[in-house]
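**Student:** Take a look at the letters that make up each chain.
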Amino acid sequence: MIFYGVVLVLLLLSFFSDRKKTLKALKIAWKRFTGILPAFVLMLVLVSISLYLLPHELVMKYLGEEDISRGMVIAMLAGSLTLMPGFIVFPLCGILREQGVPYMVLSAFTTTLMMVGVLTLPVEKQYFGIKTALVRNGAGLIIAVIVAVVTGLVFSEVVL
Amino acid sequence: MKARFSTVLFAVYSVFVVASLVFGFQPGKDIGNNFLAFTLSMLKILPGAFILIGLFQVWVSRKRVEKHLGEESSFLGFLWVLLLAGTTVGGLYIAFPVAYALYEKGARIQVVLAYLGFAAVSRIPMMIFEASFMGVKFTFVRLAVSIPLVVVSAVILGRYLKASNWKMTSPQ
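Residue numbers (this note's numbering), protein chains in the order written: chain A, 1 to 160; chain B, 1 to 172.
Worth flagging that the hints you see were computed from the coordinates, not collected in a lab. The reader is advised that the hints may include incorrect statements.
Ranges of calculated distance between the beta carbons of each label pair, as one might list FRET restraints [said to hold, decoys possible]:
id, chain 1, residue 1, chain 2, residue 2, range
1, B, V22, A, D18, 50 to 58 Å
2, A, D18, B, L83, 43 to 51 Å
3, B, A11, A, I68, 29 to 37 Å
4, A, K131, B, R4, 19 to 27 Å
Below are the DSS-like pairs computed for lysine-lysine, each with C-alpha atoms no more than 27 Å apart in a straight line [to be verified]:
id, chain 1, residue 1, chain 2, residue 2
5, B, K44, A, K21
6, A, K24, B, K67
7, A, K31, A, K21
8, A, K24, B, K162
9, B, K162, B, K67
10, B, K105, A, K24
11, A, K131, B, K44
12, B, K162, A, K20
13, A, K21, B, K67
14, B, K105, A, K21
15, B, K63, A, K20
16, A, K131, B, K162
17, A, K31, A, K131
18, B, K44, B, K67
19, A, K31, B, K63
20, B, K162, A, K125
21, B, K29, B, K105
22, A, K27, B, K162
23, B, K137, A, K61
24, A, K21, B, K29
25, A, K20, A, K31
26, B, K29, A, K31
27, A, K125, B, K44
28, A, K24, B, K63
29, A, K27, B, K63
30, A, K31, B, K137
31, A, K61, B, K29
32, A, K27, B, K44
33, A, K125, B, K137
Listed next, the stretches of chain A that the computed footprint assigns to chain B, with coverage defined by at least 3 CB atoms under 8 Å from CB atoms of chain B [to be verified]:
id, segment
34, 31–41
35, 49–58
36, 63–72
37, 80–87
38, 91–99
39, 103–112
40, 134–148
What you are looking at is a predicted structure, and each value in this text was computed from that prediction instead of being measured. Yeah, the Cβ is synthetic: ideal placement off N, Cα and C, and Gly gets one too.
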């Protein structure tokens, strides 16, 4: 994994420049990690339940809704309420695309998936407070609508 | 009080999952499996991310962050966090502690919010995946629309939060 290669190189560079500082960095890392752990555990509990109630196949089935505006609403709800890594989402969306699901609906789904996180609220709230978290997620929802509509226009799926 | 609530919740959840395993209750077993799978995939990234945050804390001076991302920083500040977000791994849950570390070092709230938005929509590894399955046009439209909107919303939200005397909560 490239990521851990980078972490290791930086850690070694740091260690050979200043051992004390590096130890302090590791202490900070550990303290922060354990500090936020309860919020992460709560998030994982929510994720595990949501994944049971809304498995990937079910979400994908719902996105295939005939009516485009209903499809949009379902896409945004599903995108906000689930957590899926990119390497799962995009291949699935590619399949849906081939089945004729509009780009607009897929864009609403992927953009809310990226920007709006109900399941990550426990973690977000812990850092930024509930107010900021809610306002930021609300803004993400609005941005997702705009992105989806523009996508629909560009791909001529909707007309003004 | 709040810590106690999540402890109780987690205890109830654990008992439920373990009981499901013992009595063969399928939904509970599925939920337990989901929990394990997600925990494992998150544990692959979290330690590395927190080590980077620790290194950032000791090596990058507050002055430097303030100069480039703080109250006096120019529009370039948004460009810096766009670059940082492009290389962010994992999902938003990794971006939250990173954003908090930036804020603590003196980045202004508008820039921090923009970072969170960028980290959501413009992570490079994710976009490569997206473009290869959805087409370059799809990815391009999404980016071209969402990046300016992220900046606009970050500026508006930042002003609103400042005007309403908002304070960042500490995770500890």
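**Student:** Are the hints correct? Go through all of them and say.
**Tutor:** These are the hints, each one checked on the structure:
Between B/V22 and A/D18 the Cβ separation comes to about 52 Å, which falls inside the hinted range of 50 to 58 Å. About 26 Å separates the C-beta atoms of A/D18 and B/L83, a value inconsistent with the hinted range of 43 to 51 Å. The given range of 29 to 37 Å is broken by B/A11 and A/I68, whose C-beta atoms sit roughly 45 Å from each other. At about 23 Å, the beta-carbon gap between A/K131 and B/R4 stays in the expected band of 19 to 27 Å.
Annotation: proposed proximity of B/K44 to A/K21 holds, straight-line Cα distance about 25 Å (limit 27 Å). Only pairs whose Cα atoms come within 27 Å are accepted, and A/K24 paired with B/K67 is accepted, the gap being roughly 24 Å. Distance restraint check for A/K31 and A/K21: the Cα-Cα separation of roughly 15 Å lies within the 27 Å cut-off, and the hinted pair is therefore satisfied. Proposed proximity of A/K24 and B/K162 is contradicted: the alpha carbons are some 32 Å apart, above 27 Å.
The straight-line distance between the Cα atoms of B/K162 and B/K67 is roughly 20 Å, inside the 27 Å bound, and the hint therefore holds. Taking the CA atoms of B/K105 and A/K24, the gap is near 16 Å; set against the 27 Å cutoff, the hint holds. For the given pair, A/K131 sits about 30 Å from B/K44 by alpha-carbon distance, which is inconsistent with the 27 Å threshold. With a CA separation close to 37 Å, the supplied pair B/K162 and A/K20 exceeds the 27 Å bound.
Between A/K21 and B/K67, the direct Cα distance comes to roughly 23 Å. Compliance with the 27 Å bound is thereby established for this hinted pair. A hinted pair counts as satisfied when its Cα atoms are at most 27 Å apart, and B/K105 with A/K21 qualifies at roughly 17 Å. Taking the CA atoms of B/K63 and A/K20, the gap is about 21 Å. The hint holds against a cut of 27 Å. Of the pairs offered as hints, the one joining A/K131 and B/K162 holds, with about 12 Å between alpha carbons and a cut-off of 27 Å not exceeded.
The hinted pair formed by A/K31 and A/K131 meets the criterion: a straight-line CA distance of about 25 Å does not exceed 27 Å. Our distance criterion of 27 Å between C-alpha atoms is broken by B/K44 and B/K67, whose separation comes to about 33 Å. The straight-line distance between the Cα atoms of A/K31 and B/K63 is roughly 24 Å, inside the 27 Å bound, and the hint therefore holds. This hinted pair checks out: B/K162 and A/K125 have alpha carbons roughly 17 Å apart, not beyond 27 Å.
Restraint check: the Cα-Cα separation between B/K29 and B/K105 comes to about 44 Å, which exceeds 27 Å; the hinted pair is violated. The straight-line distance between the Cα atoms of A/K27 and B/K162 is roughly 32 Å, outside the 27 Å bound, and the hint therefore fails. Restraint check for B/K137 and A/K61: satisfied, since their Cα atoms lie roughly 25 Å apart, inside the 27 Å limit. A threshold of 27 Å between alpha carbons decides the hint, and for A/K21 with B/K29 the separation of about 45 Å lies outside it, so the pair is violated.
Taking the CA atoms of A/K20 and A/K31, the gap is near 16 Å; set against the 27 Å cutoff, the hint holds. Between B/K29 and A/K31 the alpha-carbon distance is near 32 Å, which puts this suggested pair outside the 27 Å criterion. Between A/K125 and B/K44 the CA atoms are separated by roughly 23 Å; this keeps the pair inside 27 Å, and the hint holds. Proposed proximity of A/K24 and B/K63 is supported: the alpha carbons are some 20 Å apart, at most 27 Å.
A C-alpha spacing of about 22 Å is found between A/K27 and B/K63, which places the hinted pair at or below 27 Å, so the restraint holds. The straight-line distance between the Cα atoms of A/K31 and B/K137 is roughly 43 Å, outside the 27 Å bound, and the hint therefore fails. This hinted pair checks out: A/K61 and B/K29 have alpha carbons roughly 24 Å apart, not beyond 27 Å. This hinted pair checks out: A/K27 and B/K44 have alpha carbons roughly 19 Å apart, not beyond 27 Å.
The straight-line distance between the Cα atoms of A/K125 and B/K137 is roughly 35 Å, outside the 27 Å bound, and the hint therefore fails. Only residues whose C-beta sits within less than 8 Å of a C-beta in chain B count toward coverage, and the segment 31–41 of chain A has 9 of them, enough to reach three; the restraint holds. Residues of the segment 49–58 of chain A with a Cβ under 8 Å from some Cβ of chain B number 3, which satisfies the need for three, so the listed coverage holds. Taking a C-beta to C-beta cut-off of 8 Å, the segment 63–72 of chain A contributes 0 residues in contact with chain B, too few for the three needed, and the coverage statement is violated.
Restraint check on the segment 80–87 of chain A versus chain B: 4 residues with Cβ-Cβ distances below 8 Å, three needed, restraint holds. Judged by the Cβ-Cβ criterion of 8 Å, the segment 91–99 of chain A is covered by chain B as claimed, because 4 of its residues qualify and three suffice. Under the rule that three or more residues need a Cβ within less than 8 Å of chain B, the assignment of the segment 103–112 of chain A holds, with 5 such residues. Restraint check on the segment 134–148 of chain A versus chain B: 8 residues with Cβ-Cβ distances below 8 Å, three needed, restraint holds.
In this structure, the hints that do not hold are numbers 2, 3, 8, 11, 12, 18, 21, 22, 24, 26, 30, 33 and 36, in rising order.
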